[in-house]
Structure formats: C-alpha cells, structure tokens
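> Residues per chain, in single letters:
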Amino acid sequence: MTKPTAPSSPGKASPPAGPAAPKKTGSSPTSGRHKYGDLARRGADGKRVQTAPGGEGRSGSLLVMESADGAARTLASTGRLSWGLPFGRAHGRGGLSPSGRLLVQRNLDPQATALLLRKRWALYSVTPLYKFSSAHLKAYAKLLSAYIAAEKQKGVAVEVGVELDIKVAISSLPDLKGSDQDEAAVLVQLSLRSQASQKKSEEKLVWSGWFCSVCGDDLSKNMPADFTCLPVFLANGAESYTSIVGSWFQKTFDCCFHRLAISPLSLSWMAAMWTGCKLEENASAMELVFSVPNLPQSLDISYAIHAEDAKALWDTVQKTPGEVTQEEVDVFMDCLYSHFHRHFKIHLSATKLVKVSTAVASAHCDGIIKFLQSKHVIEVLMLLTELAISQIQ
Amino acid sequence: MAVLRPFDKLPVLNSATLLLVGSDEGLQQELAKAMLQEKKSFKISIHLATSLPLPSEGDHLRPRIDLIVFMIDIKSKYSLKNVEASLAHVAASFFLGKVCFLVTGVGRVNYCSVEMSSIWKLGEVYCSPVLYCELELERIRVATAQRLLRMLQICAGHVPGVSALTFNFMLRNSY
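So the sequences go chain by chain: A and B.
Under numbering that gives the first Met the number 0, the first residue of the first sequence carries the number 0, and numbering increases by one thereafter.
Under numbering that gives the first Met the number 0, the first residue of the second sequence carries the number 0, and numbering increases by one thereafter.
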C-alpha cells in the first residue's frame, strides 16, 4: 500500500503524486445538468446555424470540470515557461511570464480611452527609427502633411472629386508605456477639413495610427543612442492612408514596416491569459473562431463559451497566480477541444484557430486587434510588443 | 499482434518496407509518390496508415517493416496527439534507429499550432531523429524523399558497415 508523502526536501520540483483534487472555484455544479454555453456553427454558405442553448443558469459545466481534473493530474511536473514563440526564444524570460512582470496597472485617461477602445487596429512591426526625436513632433507633422499633399498632386489620390485638405497632428501619449525605459507612444492623426469652411469643428478624423513600446527592453537595451525603439504600430482607417504614412516614415527614419501576423499558438496563449483576467459584470462571452483547411468550400466554426465558465475552467488549470506556462495553456485548450468533440465529434485541434475574442480584447490571426477594456490595454500591448520584437529579430 | 516488432518476420531479398504514420493522407500519398519516383537499386514498398495499431487481418501478409516515419503537421495539434497515441503500439526495440519523426509544414511559421519544444522533447524521449520539411514545395519534397530513401536503405541493412543504430547515433550527435 503506498501512502502519498509530501516532498521533504525543498529542492524537489515535482508535486506529490497523490490524487490531490485541485481547488474548484466558481459556481457550484448543479446536479447532472451541464451547459455548454451558446454554441453556434456557421455553415459553408455563411448562414448561422444555432444549436439549442440548453437552458439558462450558470452551472459549473460539470463535464468540463471533470476533464480539467483528469488532465490537470497528468501534467508533467516541470512546466517550462515559454511564451508562444515557436522557433528560438523558447526559453522564455528567465522564469516569469509576461503577466508576472506587470508592474503597475495604469489607468488611462478618458481621452486616450476614447481613442483606443472599440476600434479595429491593424498591427505592424517596426524596426527602430533613426534620429527620431519626440521634441520635433510638430515639425514632423508639417513635413508629413506636405508629403501627403504632394502624393495627391502626383495622382496617388485618396479622395476623388472634392478638394479636401488633410490635416496631420502628431502627438505623444506618455501613459502608454510599461516601464521608464520605454519610449512614450506617438500618435499620428489624419483629419479631413473641407476647404469651404475654416472652422475647426468641421474636422473629421479619417485615420489614426500610433507607435508604442511596452516593456520592449530586449530590443532597446543594445541599441545605439540615435535609434528610437517603438516596435508596435497600430493603424485604423483606410489602407491607402496607412501606406502613405508608412512610406513617409520609412523614407524619413530609415525603418521598415511589416505586417504582424499572429500564429494560432500565440492566439491560444492570448485566449488563456485574457480569460484569467478579473471578470467584470456582464462580461461578453469568450469566442473562438476556427477555419477548417482542406475542404472544397471553406468552413468556419465559431465556439462561444460563457465568460464565467471559461474563467472557472482556467482557475482550476492555473497553478500559480501571475504565472502562465505552456502546459497550462495546452490543458486549457485541450479541455475546450475535447468538450466540443464530445458533442460534435469534430477535432478542433486539427483546425486552425483564427480569431479569439474575450471581454478584454479580441485578436485575429491576420494581425487585427481590438481593445475592449481600458485597464488591460497595457497588458495586451506588452504581449504585442513581444510578438513584434520576435518578428524583428 | 497489436505491437509492431522489428524482427519478428524474415526479410525479403533486396527489398525494404517503409511505414508512414500520419493524420494527413494527402501529404502521405505525395511523399510516397516522390519516393517511388527516385532511382533506387532495391525494391521498396511503402505502407500508409493514419494511426497504429495496424489492422490485424493483414498481419500475415505484411512484410517486415524496416523504418517507421511518424508525420507530424505543425499546423495541426491533432496530428501530434495522433502520433503520441500511436507510439504506444511500437515495440521498444524499434527505437534503436528504425523510427524517425518527420515534421511537415515548417514553411509557414504563422500557421504554427504546435510548440516546437514538445516535438524536441518527443525526439529526445524516444531517441529518434526529427527531420523538418515542407512537402508543398516540390524541391524540398524530392530532397526529403531522397533522405528517407537513404535512411531506409541503411535500416534495411543494405549498406555494409553501417547499421541503423550507428546511423541514428551519428544523426543525434550532430545536433
């Protein structure tokens, strides 16, 4: 008869082999009835097919909890920390995950909040800018507006017909950084002003883009003094303006813009980390969208889970608060996949995860992000900075 | 006999048999075709399977298997799980140089759903080489077919002086 013994020496890394049940937080499971949230599957012709929601009420998803227990017990005892990057940089950041390094949660002022939230931002990674100085922002704005006017004269027109004036404003956002070594974020805004009226209130914002860097120490620590490191660029607005502004920056500061795509591995990390954030009331459901390859007609599968259920599942999987390991992310996603398989007999692990949408933010694999909560913007930016730096290096 | 054993059948003169195990059948067919088109001095037969164990009905007709190649698609976590489940049905003596892991789809880094460290760990735990390829590109497909053909030739014993175990040792020490 074997007795489970606690490890006597503090140096041992493996947990006791006895069947310790992980803590079940969240709601108490109701008897027998389980709820898998609101599942909808989009058919091949685009119509949304709604499967029966199976009753209201928050149950702890009894079946899902069971699989979490079973899977959690078979975890390997050494969890190697690595954040989402498949090749190279697999050894993480010396023991702490990105969420473990967050120093202070800064609350953004309402003006910045209105600028950032609820807009679809296209992501680019930017190599360091040469001889960029934040003291000359007004001069840069003048140069950029002259460049845009010149492009319009050349015939690379963005508006056809009415003569419209593009006004450029470049400003600095000092709140959007992680530590003091980071550069302050730089915001570029393009607004339309019709020449007929000179009133300032007639300006309409048509395009905005901003550079930022949150905890980008890996890139900036070895940089010579003339270079400014702002590896993440987010753009919202017409693609034509993005290319004009991008080409001006590339010519003036000798940098390179690359579209930043997010791999399914990184998306599953984001899903796990954002589910672990503290829940607000009326949090929207967590939604995962998968695209099925190798079919004559493309098929998209959308899998939505109630935020409380997802958080309850993540709480049973995560061992140390503030640290996230690759094994925990794998177990979390495997639980969701096996739950889906049990009901629909479809292996989601053979499909490609293309979009993750939680109450905190939503990310698409083509490099499109949307911030939904202002207090988690810095954390999301930290993940994006790390992705951008890995693409640059 | 649910478990594959390396030496439970007699070899056939001047021929070798390869078993490809992987969840993507289309890719397996393409790789098999590329291998069959290569010039070789011995007869080869390629068996395709989506998972192990192999069905026991054809067991007496199947020749001795000289090399097992497990195909893992980096875009699909399901293929990794499939391979991990199939590894249990292979006898331990196969892993002395007669097993190899082939990771496909490495050309598209942005589609990657499988962590590389789990594949490296698999190669270390099972003491077998891990090869990387992108089967959608014809050049690399032909090169991979040539590599596998050479490995098959060694594992079937057609190269005097080099055994499967020696070759495995040389491959692993070059990492």
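Don't read these hints as lab results, they were simulated from the structure.
Beta carbons are placed, not taken as given, at the ideal position from N, Cα and C, and that holds for glycine.
Where hints are given, some of them may not hold.
SDA-like, lysine to any residue: derived pairs with alpha carbons at most 25 angstroms apart [unchecked claim]:
1) B:80 - A:286
2) A:351 - B:48
3) A:151 - A:140
4) A:344 - B:83
5) A:118 - A:277
6) B:32 - A:295
7) A:354 - B:117
8) B:80 - A:277
9) A:369 - A:237
10) B:80 - A:118
11) B:80 - A:140
12) A:344 - B:80
13) A:344 - B:119
14) A:351 - B:45
Pulled a few chain B residues facing chain A out of the computed Cβ check, cut under 8 angstroms [unchecked claim]:
15) 22
16) 32
17) 60
18) 63
19) 74
20) 75
21) 77
22) 111
23) 114
24) 126
> All the hints need checking, so say for each whether the structure fits it.
Results of checking the hints against the structure:
For the given pair, residue 80 of chain B sits about 24 angstroms from residue 286 of chain A by alpha-carbon distance, which is consistent with the 25 angstroms threshold. Restraint check for residue 351 of chain A and residue 48 of chain B: satisfied, since their Cα atoms lie roughly 23 angstroms apart, inside the 25 angstroms limit. Distance restraint check for residue 151 of chain A and residue 140 of chain A: the Cα-Cα separation of roughly 17 angstroms lies within the 25 angstroms cut-off, and the hinted pair is therefore satisfied. With a C-alpha separation of about 20 angstroms, the suggested pair residue 344 of chain A and residue 83 of chain B falls inside the 25 angstroms cut-off, and the hint holds.
At roughly 22 angstroms between alpha-carbon atoms, residue 118 of chain A and residue 277 of chain A fall within 25 angstroms of each other, so this suggested pair holds. A distance of roughly 23 angstroms separates the Cα atoms of residue 32 of chain B and residue 295 of chain A; the hinted pair therefore holds under the 25 angstroms criterion. Taking the CA atoms of residue 354 of chain A and residue 117 of chain B, the gap is about 24 angstroms. The hint holds against a cut of 25 angstroms. A threshold of 25 angstroms between alpha carbons decides the hint, and for residue 80 of chain B with residue 277 of chain A the separation of about 32 angstroms lies outside it, so the pair is violated.
Taking the CA atoms of residue 369 of chain A and residue 237 of chain A, the gap is about 16 angstroms. The hint holds against a cut of 25 angstroms. Distance restraint check for residue 80 of chain B and residue 118 of chain A: the Cα-Cα separation of roughly 38 angstroms exceeds the 25 angstroms cut-off, and the hinted pair is therefore not satisfied. Taking the CA atoms of residue 80 of chain B and residue 140 of chain A, the gap is about 54 angstroms. The hint is violated against a cut of 25 angstroms. Note on residue 344 of chain A and residue 80 of chain B: the hinted pairing holds, with a Cα-Cα distance of about 16 angstroms set against a maximum of 25 angstroms.
Of the pairs offered as hints, the one joining residue 344 of chain A and residue 119 of chain B is violated, with about 30 angstroms between alpha carbons and a cut-off of 25 angstroms exceeded. Annotation: proposed proximity of residue 351 of chain A to residue 45 of chain B is violated, straight-line Cα distance about 30 angstroms (limit 25 angstroms). The beta carbon of residue 22 of chain B comes within 7 angstroms of a beta carbon in chain A, closer than 8 angstroms, and the hint placing it at the interface holds. With a cut of 8 angstroms, the hint placing residue 32 of chain B at the interface with chain A is violated, because the nearest CB-to-CB distance is about 18 angstroms.
With 8 angstroms as the threshold, the beta carbon of residue 60 of chain B stays out of range of chain A, its nearest partner Cβ sitting at about 31 angstroms, so the hint is violated. Here the hint on residue 63 of chain B is broken, as its CB sits about 32 angstroms from the closest CB of chain A, past 8 angstroms. With a cut of 8 angstroms, the hint placing residue 74 of chain B at the interface with chain A holds, because the nearest CB-to-CB distance is about 6 angstroms. At a threshold of 8 angstroms, the smallest CB-CB gap from residue 75 of chain B to chain A is about 5 angstroms, leaving the interface hint in force.
With 8 angstroms as the threshold, the beta carbon of residue 77 of chain B comes within range of chain A, its nearest partner Cβ sitting at about 4 angstroms, so the hint holds. Here the hint on residue 111 of chain B is kept, as its CB sits about 5 angstroms from the closest CB of chain A, short of 8 angstroms. Contact between residue 114 of chain B and chain A, as hinted, is supported at the beta carbon level, the nearest pair being about 6 angstroms apart and thus within 8 angstroms. Of the supplied interface hints, the one on residue 126 of chain B is violated, with its beta-carbon coming no nearer than about 18 angstroms to a beta-carbon of chain A, more than 8 angstroms.
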